[in-house]
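Colleague: What follows is each chain in one-letter form.
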Amino acid sequence: MKRTLLPTVFSIAVLLSAGNYGALSQSSPPPRKSAAVRKTVPKSITRTKKVAPAAKKTTTSAVTTPAKPVAAKVTVRVVDDVELAKLIRRDAKQPRPLLVNFWATWCEPCRAEFPDLVQIDNQYRARGLDFFTVSLDDMAELTKNVPQFLREVRAEQIPAYLLNAIEPEAAITAVDKEWRGELPATFLFDGRGQLVFKHSGRVKPDELKIAIEKVMSDK
Amino acid sequence: MRKLYTTLSLFILALASLAASVPGRVSAGENFSGVAIGGKVNDFKLQDVEGKEHTLANLRGKRGTVLIFVSVGCPVSNAYGKRMEKLAEGYKARGVNIVGINANHTDTIEMIGEHAAGSGLTFPILKDKGNRVADQLGALVTPEAFFLDAENKLVYRGRIDNSRDESSVATHDLREAIDATLAGKTVTKTEARAFGCSIKRVA
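Protein sequences appear in the order of chains A and B.
Oh and the first sequence: position 6 is 6 in the numbering used here, straight run, nothing missing.
Oh and the second sequence: position 8 is 227 in the numbering used here, straight run, nothing missing.
It is worth saying that the hints were derived from the structure and are not from the lab.
This structure is a prediction, so every number in the text was calculated from the model and none was measured.
Mixed in with the good hints, there may be bad ones.
Claimed, not checked - DSSO-like cross-link-like pairs, simulated, lysine-lysine; straight-line CA separation at most 30 Å:
1) B/Lys404 - B/Lys348
2) B/Lys408 - A/Lys177
3) B/Lys259 - B/Lys348
4) B/Lys264 - B/Lys311
5) A/Lys86 - B/Lys305
6) B/Lys311 - B/Lys259
7) B/Lys271 - B/Lys259
8) A/Lys73 - A/Lys209
9) B/Lys271 - B/Lys348
10) B/Lys408 - B/Lys271
11) A/Lys144 - B/Lys259
12) B/Lys264 - B/Lys301
13) B/Lys404 - A/Lys177
14) B/Lys301 - A/Lys144
15) B/Lys419 - A/Lys204
16) A/Lys177 - B/Lys311
17) A/Lys144 - A/Lys86
18) B/Lys419 - B/Lys301
19) B/Lys311 - B/Lys372
20) B/Lys372 - B/Lys271
21) B/Lys271 - B/Lys419
22) A/Lys86 - A/Lys73
23) A/Lys204 - B/Lys348
24) B/Lys419 - A/Lys177
25) B/Lys372 - A/Lys177
26) A/Lys177 - B/Lys348
27) B/Lys419 - A/Lys209
28) A/Lys177 - A/Lys73
29) B/Lys419 - B/Lys404
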């Protein structure tokens with residue numbers, strides 16, 4: 001009896017976890033490759049503009065199209081090195097782990113990894129992870145390419161900043177004394193503000209998720 | 220049977236928690252400290268864009284050498300093209316040679332050659348296959364400069380200046396280090412960082 005029961009329980013567990021993965025995949029953002037991301041732009045813009053007619057069409061289209069609302073506007077705030085240091089150190093009474101990603105629209109691997117970061121934000125924000133991004137683009141991109149890209153990758157819900165620092169050394173040190181400024185770069189701080197994980201170059205989602213799970217279980 | 224199953228589950232859980240707490244996560248394999256300031260850079264042999272082999276010994280200047288890690292597709296590196304060329308022209312007569320090194324595994328020798336010609340870069344640019352020189356120096360970013368004195372000892376590492384936008388440059392960190400060395404003075408700032416593209420290393 002036990003011999004037959006165990007494999008059955010195991011199979012059910014596997015099926016359940018596969019179901020969860022499927023659910024995540026369905027709500028996950030556009031594909032990784034930036035070229036693919038760019039291709040989805042016209043679609044998402046069209047969808048944004050025609051929300052009402054699409055909703056009226058049929059029930060089938062409502063099922064096949066993710067019901068995720070698309071915010072009309074992305075606000076990118078300017079920070080200097082002092083403000084950046086404050087954002088990272090935080091002074092919250094109930095601190096949450098904090099994920100910070102440094103990127104730029106001119107950085108191809110940054111663009112390529114962004115959908116993975118959006119998916120991670122979708123997965124962990126409700127569970128207690130804070131996440132913000134810092135763009136190293138020129139100030140001229142504050143209202144142009146930066147918000148446009150963030151809309152393309154459906155990152156409207158992630159707080160976004162653009163660093164305006166004449167002296168980059170101070171900003172880099174505020175994040176990590178060992179960081180040499182290479183992009184992209186991703187940092188994970190625990191609730192006490194200690195750096196517990198960092199990665200430069202395109203982030204490996206599985207590796208980052210393990211670090212997030214660990215820091216959240218250590219709370 | 221239940222005991223066996225419980226033991227197996229505990230074993231899997233232990234393995235998972237072990238994987239999550241691998242030491243060194245903070246400096247996860249991307250941290251190449253390289254030669255320290257004052258340390259000697261070992262000789263190396265790399266090919267230029269025409270396939271000709273060069274060593275540090277035959278490229279170095281009488282009074283010093285600047286190795287700059289560059290990239291074909293990095294907008295930051297490319298924003299420094301004219302400034303690097305000016306450095307090369309200006310310091311050659313003073314005994315300091317500028318040498319470009321491309322350690323991106325994604326940039327082929329042909330791409331590097333075409334890019335250099337198109338960008339008007341006349342100083343030698345070498346292909347660092349397998350990132351051996353980048354690893355020796357701990358180079359991580361493009362552009363990133365390493366200034367070696369006449370004895371190939373590292374004097375300065377880091378940015379060329381503080382801004383990729385030439386009109387906003389406030390500190391000429393690399394020039395200051397070279398000028399101080401040539402004048403026999405102590406280099407006050409031996410390291411300075413700036414944002415740039417990560418070097419695409421071989422896996």
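Colleague: Hint by hint, note whether the structure agrees.
Modeller: We went through each hint and held it up to the structure:
1. B/Lys404 - B/Lys348: violated, 36 Å
2. B/Lys408 - A/Lys177: holds, 16 Å
3. B/Lys259 - B/Lys348: Distance ~21 Å between lysine 259 of chain B and lysine 348 of chain B Cα, so the pair holds.
4. B/Lys264 - B/Lys311: holds, 21 Å
5. A/Lys86 - B/Lys305: violated, 39 Å
6. B/Lys311 - B/Lys259: holds, 22 Å
7. B/Lys271 - B/Lys259: It holds: about 25 Å lies between the C-alpha atoms, which stays within 30 Å.
8. A/Lys73 - A/Lys209: Holds. Lysine 73 of chain A to lysine 209 of chain A sits at ~29 Å (cutoff 30 Å).
9. B/Lys271 - B/Lys348: holds, 14 Å
10. B/Lys408 - B/Lys271: Distance of about 35 Å is beyond 30 Å: violated.
11. A/Lys144 - B/Lys259: violated, 46 Å
12. B/Lys264 - B/Lys301: holds, 26 Å
13. B/Lys404 - A/Lys177: holds, 27 Å
14. B/Lys301 - A/Lys144: holds, 27 Å
15. B/Lys419 - A/Lys204: holds, 15 Å
16. A/Lys177 - B/Lys311: Violated - the C-alpha atoms of lysine 311 of chain B and lysine 177 of chain A are around 34 Å apart, more than 30 Å.
17. A/Lys144 - A/Lys86: Cα-Cα ~26 Å, so holds.
18. B/Lys419 - B/Lys301: This hinted pair holds, its Cα atoms lying about 23 Å apart.
19. B/Lys311 - B/Lys372: Holds, at about 19 Å.
20. B/Lys372 - B/Lys271: Status holds; Cα separation ~25 Å.
21. B/Lys271 - B/Lys419: holds, 23 Å
22. A/Lys86 - A/Lys73: The hint holds at about 25 Å.
23. A/Lys204 - B/Lys348: Status holds; Cα separation ~24 Å.
24. B/Lys419 - A/Lys177: Given pair lysine 419 of chain B, lysine 177 of chain A holds - Cα atoms ~22 Å apart, limit 30 Å.
25. B/Lys372 - A/Lys177: At roughly 24 Å apart (the allowed maximum being 30 Å), lysine 177 of chain A and lysine 372 of chain B satisfy the hint.
26. A/Lys177 - B/Lys348: Distance of about 29 Å is within 30 Å: holds.
27. B/Lys419 - A/Lys209: holds, 23 Å
28. A/Lys177 - A/Lys73: violated, 35 Å
29. B/Lys419 - B/Lys404: violated, 36 Å
Violated hints for the displayed structure, listed by number in ascending order: 1, 5, 10, 11, 16, 28, 29.
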